[in-house]
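Undergrad: Here is how the chains run, residue by residue.
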Amino acid sequence: MTKKKIISDTELHAYLDGQLDEKQQHEVELTLQNDNVIAEKLLELQKMNQALHTEFNPVLQEDIPDRLLNATKPQHNWLPFVASVSLFILGTLVGWQAQVKFVPTAQGIDLSAMDDNLIKPAAFAHSIFTAELIHPVEIRAERHHYLNRWLSKRLKTQLTAPNLSNSGYTLIGGRLLPSTQNRMAAQYMYEDQQGSRITIYVRRGEWQQQTKPFEVNGKKGYSIYYWIDEDLGYVLTSGLDKNKNRVLANEAYKQMSLRPVKI
Amino acid sequence: MKKFDTLLIQHIPNLRRYSRALTGSFHIADDLVQDTLERALNKKKLWKKETSLRLWLFTVMHNIFINQIRRYQRVPQMEILDDTISDNSRNPESHYYRHQLLANINFLPNEQKEIFLLVSLEGFAYDEVATILEIPVGTVMSRLSRAREKLRNSIAAANTVPLRRIK
Numbered sequence: 001m002t003k004k005k006i007i008s009d010t011e012l013h014a015y016l017d018g019q020l021d022e023k024q025q026h027e028v029e030l031t032l033q034n035d036n037v038i039a040e041k042l043l044e045l046q047k048m049n050q051a052l053h054t055e056f057n058p059v060l061q062e063d064i065p066d067r068l069l070n071a072t073k074p075q076h077n078w079l080p081f082v083a084s085v086s087l088f089i090l091g092t093l094v095g096w097q098a099q100v101k102f103v104p105t106a107q108g109i110d111l112s113a114m115d116d117n118l119i120k121p122a123a124f125a126h127s128i129f130t131a132e133l134i135h136p137v138e139i140r141a142e143r144h145h146y147l148n149r150w151l152s153k154r155l156k157t158q159l160t161a162p163n164l165s166n167s168g169y170t171l172i173g174g175r176l177l178p179s180t181q182n183r184m185a186a187q188y189m190y191e192d193q194q195g196s197r198i199t200i201y202v203r204r205g206e207w208q209q210q211t212k213p214f215e216v217n218g219k220k221g222y223s224i225y226y227w228i229d230e231d232l233g234y235v236l237t238s239g240l241d242k243n244k245n246r247v248l249a250n251e252a253y254k255q256m257s258l259r260p261v262k263i
Numbered sequence: 001m002k003k004f005d006t007l008l009i010q011h012i013p014n015l016r017r018y019s020r021a022l023t024g025s026f027h028i029a030d031d032l033v034q035d036t037l038e039r040a041l042n043k044k045k046l047w048k049k050e051t052s053l054r055l056w057l058f059t060v061m062h063n064i065f066i067n068q069i070r071r072y073q074r075v076p077q078m079e080i081l082d083d084t085i086s087d088n089s090r091n092p093e094s095h096y097y098r099h100q101l102l103a104n105i106n107f108l109p110n111e112q113k114e115i116f117l118l119v120s121l122e123g124f125a126y127d128e129v130a131t132i133l134e135i136p137v138g139t140v141m142s143r144l145s146r147a148r149e150k151l152r153n154s155i156a157a158a159n160t161v162p163l164r165r166i167k
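Protein chains in written order, with this note's numbering: chain A, 1 to 263; chain B, 1 to 167.
Just so you know, the hints here were simulated from the structure itself, not pulled from any lab data. Treat the hints with caution; some may be incorrect.
To be verified - Here are the simulated DSSO-like pairs of lysine-lysine, each with C-alpha atoms no more than 27 Å apart in a straight line:
1) K44/B - K73/A
2) K48/B - K73/A
3) K113/B - K41/A
4) K254/A - K212/A
5) K23/A - K47/A
6) K113/B - K47/A
7) K47/A - K150/B
8) K73/A - K49/B
Claimed, not checked - Anything over 12 Å on all C-beta distances counts as not near chain A; from chain B, calculated:
9) Y18
10) L46
11) K48
12) K49
13) T51
14) S52
15) L55
16) W56
17) T59
18) P109
19) N110
20) E111
21) T131
22) L133
23) E134
24) I135
Small disclaimer: the values here were computed from a predicted structure and weren't measured. From the three backbone atoms N, C-alpha and C, an ideal C-beta is built for every residue, glycine too.
All chains should be built: construct the whole structure from the sequences, respecting the hints.
TA: Dropping the structure here:
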């Protein structure tokens, strides 16, 4: 007759996790042959592990987002500072409408490229889609989880539509758009109770900086703020006066790009 | 010797997988990974070359996670991440089972959740988990067993349909 040894949960788990030496392993195996309850339990634990791997192993195959790749490289802290200061000065002095040909600055930031590839497409997309009464968005806000996930996947970053309800704006939805330089862009659209609409436009670009929201002079009564978070550019466009728009831009910036101070 | 950033990059997929499971959120998980990488880069002198970089990185991540627990836990419900994108589970039962498992993992206390995921998902040995979390191996084992029993029981309870015989 085989001596039936009682094995504890801890031992069974250690067996499952390959933490036992040969002798202990053998003992557990003997028990498993004779004890259906324990064998059943082991099966359940294995099923649990299996499900966990089925769920999360696909993460291993995902493309690594640029922001994580960048986080592994030492940053030169003065660069974004110089960049944002020079941008601020140029942006304030010249404005978007002035059509001045910018040359790439010493820091490698091409402002006219930013204008052509970020701000103009954003303003254009704003004017096209906010005018649509029936189809302003592709995915409506009721499916905002799906919308965020979809746009995140296509832009290869974590996008979440900010909550602007404190300023009286609710999300209508969003869409994916083609942009310049063979890139894609995401557009979120919001509306207040009077039906005034604002959009947030996000895309990747060749810029590498960190800025706060800056105002650019829009045409035809548009108010435009943009900011850069590493290689992501954001543009908030509205028909509001610029003080109201600044509040919205700062709120969106805070939720979308500002990370808490590192410990 | 390889450059430190090249070494770091090799570990990103695993850090992301663990973080995704731990925070239960697609969106917040990469923030945690990014903070971990930045901190690792800043503190790379603290990494002792004789310990594995993987172990050290998970230690760094654990410390950031518990220090900023509120920030990383603002998502109340774990999402099933692949339901729209790559639903490879033709079997609705297994999909349902995973859904329940994830929901229940989310309810585990953090100290049990971390251990459960480090062992079951990342395949760390008990003594490695003890190093990462700076607790005795015995504590690792008892918490692990508590976590698994809790998961097993709550899934079993959810699946017990009370049978009523119609007379």
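Undergrad: Give a verdict on every hint.
TA: Verification of the hints:
1. Under the criterion of a C-alpha separation no larger than 27 Å, the hint pairing K44/B with K73/A is consistent with the structure, at around 12 Å.
2. The suggested pairing of K48/B with K73/A holds, with an alpha-carbon distance near 20 Å, which does not exceed 27 Å.
3. Between K113/B and K41/A the CA atoms are separated by roughly 20 Å; this keeps the pair inside 27 Å, and the hint holds.
4. Between K254/A and K212/A, the direct Cα distance comes to roughly 9 Å. Compliance with the 27 Å bound is thereby established for this hinted pair.
5. A threshold of 27 Å between alpha carbons decides the hint, and for K23/A with K47/A the separation of about 25 Å falls inside it, so the pair holds.
6. Straight-line distance between C-alpha atoms of K113/B and K47/A comes to about 17 Å, which keeps the hinted pair within the 27 Å bound.
7. Taking the CA atoms of K47/A and K150/B, the gap is near 15 Å; set against the 27 Å cutoff, the hint holds.
8. Distance restraint check for K73/A and K49/B: the Cα-Cα separation of roughly 19 Å lies within the 27 Å cut-off, and the hinted pair is therefore satisfied.
9. Its closest Cβ contact with chain A, about 8 Å, brings Y18/B to no more than 12 Å, contrary to its assignment away from the interface.
10. In this structure L46/B is separated from chain A by more than 12 Å, as the shortest Cβ-Cβ distance comes to about 15 Å.
11. With 12 Å as the threshold on Cβ separation, the claim that K48/B sits away from chain A holds: the shortest Cβ distance comes to roughly 19 Å.
12. The beta carbon of K49/B sits about 18 Å from the closest Cβ of chain A, which is more than 12 Å, so the claim that it is off the interface holds.
13. Distance check on T51/B: its Cβ is at least 19 Å (rounded) from any Cβ of chain A, clearing the 12 Å threshold; non-interface status holds.
14. No beta-carbon of chain A comes within 12 Å of the beta-carbon of S52/B; the shortest separation is about 17 Å.
15. Chain A leaves L55/B outside its interface by the beta-carbon criterion, the shortest separation being 16 Å against a cut-off of 12 Å.
16. With a minimum CB-CB distance of about 14 Å to chain A, W56/B clears the 12 Å threshold, and the non-interface call stands.
17. The claim that T59/B lies off the interface holds: its Cβ sits roughly 15 Å from the closest Cβ of chain A, which is beyond the 12 Å cut-off.
18. Under the 12 Å C-beta cut-off, the non-interface status given to P109/B relative to chain A holds; the minimum distance is some 18 Å.
19. Interface exclusion of N110/B from chain A stands, the closest Cβ pair being 17 Å apart, more than 12 Å.
20. The beta carbon of E111/B sits about 16 Å from the closest Cβ of chain A, which is more than 12 Å, so the claim that it is off the interface holds.
21. Against the 12 Å criterion, T131/B stays outside the reach of chain A, whose nearest CB is about 15 Å from its own CB.
22. At roughly 16 Å, the least C-beta separation between L133/B and chain A is larger than 12 Å, which holds for a residue marked as non-interface.
23. Even its closest Cβ contact with chain A, about 17 Å, leaves E134/B beyond 12 Å, as expected for a residue assigned away from the interface.
24. The Cβ of I135/B sits about 15 Å from the closest Cβ of chain A, beyond the 12 Å cut-off, so the non-interface label holds.
In this structure, the one hint that does not hold is number 9.
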